[in-house]
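Visitor: So you can see what is in the structure, the chains are spelled out below.
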Amino acid sequence: MTALTTAPPVRRPGRSKRLKASTLLERPNFVVYGILIAFILGSAFPFYWSFLVASYDANVFTGDVPLIPGGNFLVNANRVVDSIPFWKALGNSVVVSGTVTLSVVLFSSLAGFAFAKLRFRGSKGLMLFVIATLAVPTQLGVIPLFMAMAEFGWSGTLGAVIAPNLVTAFGVFWMRQYIVDAVPNELIEAARMDGCSLLRTFWHVCLPAVRPAAAMLGVFTFMQSWNDFLWPLIVLNPEDPTIQVALEKLQSGYYVDYSLVLAGTTMATVPVLLVFLVLGRQIVAGIMQGAVKG
Amino acid sequence: MTADLTEVPSGRGVEPRPPVRREPPEEHPKLPLRDRLTRLDVKFTPYLFIAPFFVLFAVIGLFPLLYTGYVSLFDWELGGDEHPFVGLGNYTALLADDQFWNALFNTVSIFVLSSVPQMITAVLLAALLNTALRARTAWRMGVLLPYVASLVALAIIFSNLFGKQYGLINTFLEGVGLSPVDWQGNWFASHVAIATMVNWRWTGYNALIVLAAMQAIPREVHEAALVDGAGAVRRFVSITLPLLRPTIIFVVITSTIGGLQIFTEPKLFDPAGGSGGGFSHQYQTVVLYLYQAGFQDFDLGYASAMAWILFLVVLVIAAANFFLTRRIASTGESE
Amino acid sequence: MPYRSSRWAIALACTAALAASAACGSSGSSGGTTADGKIELTVATFNEFGYEDLLPEYEKAHPNVKVVARKTGKADDHHQNLFTKIAAGSGLSDIEAVEEGYLPQVLSKADKFNNLLEIGPADVKPDRWLAWKSESATKNGSFIGYGTDIGPLAMCYRKDLFEAAGLPSDPAGVKAIFATWDSYFAAGEQFKAKTGDKAWFDSAAQVFNAMVNQEKVGYYDASDKLVVDTNPDLKSDWDKVTAAVAKGQSAKLVAFSNEWNTGFKNAAFATKTCPSWMLGVVEKQAGPENAGKWAVTDAFPDGGGNWGGSFLTVPKQSKHPKEAAELAAWLTAPEQQIKAFTAKGTFPSQVQALTSPALLDQTSAYFGDTKVGALFAEQAKKVPAAQPKGPASGTIQDKVFNSALQAVEQGTSVDDAWKQAVEGAQKAAK
Numbered sequence: 001m002t003a004l005t006t007a008p009p010v011r012r013p014g015r016s017k018r019l020k021a022s023t024l025l026e027r028p029n030f031v032v033y034g035i036l037i038a039f040i041l042g043s044a045f046p047f048y049w050s051f052l053v054a055s056y057d058a059n060v061f062t063g064d065v066p067l068i069p070g071g072n073f074l075v076n077a078n079r080v081v082d083s084i085p086f087w088k089a090l091g092n093s094v095v096v097s098g099t100v101t102l103s104v105v106l107f108s109s110l111a112g113f114a115f116a117k118l119r120f121r122g123s124k125g126l127m128l129f130v131i132a133t134l135a136v137p138t139q140l141g142v143i144p145l146f147m148a149m150a151e152f153g154w155s156g157t158l159g160a161v162i163a164p165n166l167v168t169a170f171g172v173f174w175m176r177q178y179i180v181d182a183v184p185n186e187l188i189e190a191a192r193m194d195g196c197s198l199l200r201t202f203w204h205v206c207l208p209a210v211r212p213a214a215a216m217l218g219v220f221t222f223m224q225s226w227n228d229f230l231w232p233l234i235v236l237n238p239e240d241p242t243i244q245v246a247l248e249k250l251q252s253g254y255y256v257d258y259s260l261v262l263a264g265t266t267m268a269t270v271p272v273l274l275v276f277l278v279l280g281r282q283i284v285a286g287i288m289q290g291a292v293k294g
Numbered sequence: 001m002t003a004d005l006t007e008v009p010s011g012r013g014v015e016p017r018p019p020v021r022r023e024p025p026e027e028h029p030k031l032p033l034r035d036r037l038t039r040l041d042v043k044f045t046p047y048l049f050i051a052p053f054f055v056l057f058a059v060i061g062l063f064p065l066l067y068t069g070y071v072s073l074f075d076w077e078l079g080g081d082e083h084p085f086v087g088l089g090n091y092t093a094l095l096a097d098d099q100f101w102n103a104l105f106n107t108v109s110i111f112v113l114s115s116v117p118q119m120i121t122a123v124l125l126a127a128l129l130n131t132a133l134r135a136r137t138a139w140r141m142g143v144l145l146p147y148v149a150s151l152v153a154l155a156i157i158f159s160n161l162f163g164k165q166y167g168l169i170n171t172f173l174e175g176v177g178l179s180p181v182d183w184q185g186n187w188f189a190s191h192v193a194i195a196t197m198v199n200w201r202w203t204g205y206n207a208l209i210v211l212a213a214m215q216a217i218p219r220e221v222h223e224a225a226l227v228d229g230a231g232a233v234r235r236f237v238s239i240t241l242p243l244l245r246p247t248i249i250f251v252v253i254t255s256t257i258g259g260l261q262i263f264t265e266p267k268l269f270d271p272a273g274g275s276g277g278g279f280s281h282q283y284q285t286v287v288l289y290l291y292q293a294g295f296q297d298f299d300l301g302y303a304s305a306m307a308w309i310l311f312l313v314v315l316v317i318a319a320a321n322f323f324l325t326r327r328i329a330s331t332g333e334s335e
Numbered sequence: 001m002p003y004r005s006s007r008w009a010i011a012l013a014c015t016a017a018l019a020a021s022a023a024c025g026s027s028g029s030s031g032g033t034t035a036d037g038k039i040e041l042t043v044a045t046f047n048e049f050g051y052e053d054l055l056p057e058y059e060k061a062h063p064n065v066k067v068v069a070r071k072t073g074k075a076d077d078h079h080q081n082l083f084t085k086i087a088a089g090s091g092l093s094d095i096e097a098v099e100e101g102y103l104p105q106v107l108s109k110a111d112k113f114n115n116l117l118e119i120g121p122a123d124v125k126p127d128r129w130l131a132w133k134s135e136s137a138t139k140n141g142s143f144i145g146y147g148t149d150i151g152p153l154a155m156c157y158r159k160d161l162f163e164a165a166g167l168p169s170d171p172a173g174v175k176a177i178f179a180t181w182d183s184y185f186a187a188g189e190q191f192k193a194k195t196g197d198k199a200w201f202d203s204a205a206q207v208f209n210a211m212v213n214q215e216k217v218g219y220y221d222a223s224d225k226l227v228v229d230t231n232p233d234l235k236s237d238w239d240k241v242t243a244a245v246a247k248g249q250s251a252k253l254v255a256f257s258n259e260w261n262t263g264f265k266n267a268a269f270a271t272k273t274c275p276s277w278m279l280g281v282v283e284k285q286a287g288p289e290n291a292g293k294w295a296v297t298d299a300f301p302d303g304g305g306n307w308g309g310s311f312l313t314v315p316k317q318s319k320h321p322k323e324a325a326e327l328a329a330w331l332t333a334p335e336q337q338i339k340a341f342t343a344k345g346t347f348p349s350q351v352q353a354l355t356s357p358a359l360l361d362q363t364s365a366y367f368g369d370t371k372v373g374a375l376f377a378e379q380a381k382k383v384p385a386a387q388p389k390g391p392a393s394g395t396i397q398d399k400v401f402n403s404a405l406q407a408v409e410q411g412t413s414v415d416d417a418w419k420q421a422v423e424g425a426q427k428a429a430k
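Here the protein sequences line up with chains D, W and A, keeping their order.
Per UniProt numbering, residue 1 is the first one in the first sequence, and the count goes up by one each step.
Per UniProt numbering, residue 1 is the first one in the second sequence, and the count goes up by one each step.
Per UniProt numbering, residue 1 is the first one in the third sequence, and the count goes up by one each step.
Note that these hints are calculated values from the structure, not bench results.
Note that this is a predicted model, so its numbers are computed, not measured.
Honestly, I wouldn't trust all of these hints.
Unchecked claim - In the BS3-like style, the derived pairs of lysine-lysine whose C-alpha atoms are separated by at most 27 Å in a straight line are: (1) Lys74/A to Lys88/D; (2) Lys175/A to Lys265/A; (3) Lys192/A to Lys247/A; (4) Lys66/A to Lys88/D; (5) Lys112/A to Lys430/A; (6) Lys124/D to Lys43/W; (7) Lys344/A to Lys88/D; (8) Lys88/D to Lys38/A.
All chains should be built: construct the whole structure from the sequences, respecting the hints.
Guide: Following this line, the structure appears as structure tokens:
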């Protein structure tokens, strides 16, 4: 096990000094801020650009958009709400992505914990199997999956969008890799000594320790589910869609009114940003808590 | 594969971090546990924990998999009535198909052009994000913004950048006296352009994954090194990086898989939005070709065979990358 | 009992998640009948068909029918959905719209669609539509789609660029230029000589497609045999277009790409093959600052042509084919076509509708107040008889030949590109 030897020298007791979190993490200088600002500007540009286009009218030329927003965003937002079932679709997407996210995070943590810390027959092979399923291209899957959903009588329902995404191999693999190092075995052994069942051990020892990773997985899963297009398009009825399917309707016509389309996509991003804020805090809270209590 | 992925390590070699346990809201009385119960618990609970994934996979994931496997053995026209059995005919035809090899070459080329810079940038970016920044959440979530941007916007922005006649980059090149680049027509230039798109979309995503792992590194480790007088760079190289190994392996494997299944970016890059991957398939990837064969040429059997071959290719390359990463990550350490 | 309770919590969470998915599962089943015993008909369209007000009108006239509109935005997405559900064997709407470009693929699966001659209203015969329109939806005696709209071709051109090149620019004067493809390319040469950096047309593919579709035989012959390598007319069209490309007449802009849009803004080309629906595109892309510079004329080289338009089909999956066909017939009847035209500008395909004053009086301010309704009605009558199409006709045109022409524009030798086109077509038709 090479993992054992990768660790740095063990801290000698007695030499420990209480250090503040801020001394532990490097204090970034202006170079760091400069690089990050450049990075964020590059990352946020298309986002801002979408907003710019959305703030003008249908005549805006996408090849040369002014960098100062125009005053038409609310007008376009109203047009979006008038031309597609925006709120209904938004609600559907919240239900779908919310359920999928909760489920993926919970089940991935459970399975990840089992694979990382518990010994059971076949664990090695099963883990490889999980990873292998990641490598299956999904594009052709829509046909048999639709056949299955039609068979179950689920097509046209949100359940048909939720069910195939309740667990992901990506999530299991991620939580497994994180838990391997982030949850000390001693802690688990201690909990077992105290007579905790595996489930209690998971709940009280593992889960708190993996909050940053779980929050991260939550952010990714929510984003992915929120942006999913092809499968909901196939399996849902257009009159009761998720938000991405509804937004697609804005692109009808022989020419696209980008001020309308991008107003729609900008509005549809707000819930994702909220999730970023809420779960993003969790990611940070994870280390801050460790720093304070530790 | 090997132990890194599948075996349970018996310890980390450092003292455990004091439990960051959250007290349950109410006090639970201790339950006297009988041995038998414990033994059952140890034996069966792990299966219960992994059951949701496998049950759901069996219900929903397995059928499509078997279906494409089955279909790949037939001359199966999408929506057709008769499907003559051809055995491995689709597979042998595929291996003799120039367009498939071209697509495989393009896929690997774009993958290499995107994954290497992406990994390095992601780790460095994570290191920057792991500093005591003001308004940390905003910075961290900021790097995820590319993934939220609408594909409609991306298609326009990137073609404004890489357009041959009116693109910003070519306008700039001509402005400084260089000759413009044929981003669409030249195969290498088109791969670079697509790789740029991929990197732009996914670097932040991978950086956050690495960041999460960095934060799991116990403070004691850093404290010790700090007390020992190690500098920031030294601590990053000799402490942070080795401890990130499981995560780096995760990132390498998932982005190998994602990279070899690349689809969205080359499709967006096509000015007509088709799945041909350029007018001479100069940037058609395997999944684009698969999509074209299935939904445009209606040759579902052929497309399914391609899906399976790609699956095997991905497994082999992912495994190779895994061994490579393990080797690189363990150099400089005492084995 | 903490042991139990926390495990139950998990179990609850699991069932909650599953229940949430199942609970939402009561709404959509398409059994074809509503709770109050009405017949439910679903109508799947894309883009703008102008049916928003028509469907309620039909419901009012038929109290036993409930109509559900299923509208997708883009044609690509609509047809991907259509083909997936044909393959899966379920999930299609009672009426499915099919666009002209996808029609050959749909016709190759004609057995999955009802023959409207058999199940449609007896008085609705194919001759209600323009002959070529109905012919193109007929295969082996099965008439599978009622025509909705069409896209008759005319020529759009930039008056200011024509004037700068010393060419006549009034609608009557340009007719000689647009008389035949030879006169068209010859004028292009003259134009090039005078203007230098401006191109004559936007892209080779846009011209080539119009030329090929005028031929009696295009990619397939009447017996469904691929003839790309033996059809002399096809090769002759190819030679003419690629010669024009060699002389710099093409702006080399892929239609509907971002660069093409910019090309309109920059006045990169002087002429454009213009189906009726293209006027809106030109107006939008060239923008208000170019108002009055574009003109359209009722001349098209070597006759006429059509690009675009759709059909309403009734898949065999439908539980109420007769009722669906009745609705489809009503939606495509002349009065309704005119209403849809008024609402969304979809150009009517029924002979009788082409005489409607609402159509004939339509003008376009952007195109100098030209009576475009009358102009395109006239062009619609010039469209030649429908050409035989094989299953891969659409793919061969849009993906194979158009790509090969693009390759020529980007510097591939004409011979290599021809080889690429022929091989690609053979592969697509396999």
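Visitor: Evaluate each hint against the coordinates.
Guide: Status of each hint after checking the structure:
1. Only pairs whose Cα atoms come within 27 Å are accepted, and Lys74/A paired with Lys88/D is accepted, the gap being roughly 21 Å.
2. Taken as a hint, the Lys175/A and Lys265/A pair is honoured in the structure, with Cα atoms around 25 Å apart against an allowance of 27 Å.
3. Simply put, Lys192/A and Lys247/A have alpha-carbon atoms about 8 Å apart, close enough for the 27 Å limit, and the pair holds.
4. Taking the CA atoms of Lys66/A and Lys88/D, the gap is near 21 Å; set against the 27 Å cutoff, the hint holds.
5. Annotation: proposed proximity of Lys112/A to Lys430/A holds, straight-line Cα distance about 21 Å (limit 27 Å).
6. Taking the CA atoms of Lys124/D and Lys43/W, the gap is near 16 Å; set against the 27 Å cutoff, the hint holds.
7. A C-alpha spacing of about 26 Å is found between Lys344/A and Lys88/D, which places the hinted pair at or below 27 Å, so the restraint holds.
8. Of the pairs offered as hints, the one joining Lys88/D and Lys38/A holds, with about 25 Å between alpha carbons and a cut-off of 27 Å not exceeded.
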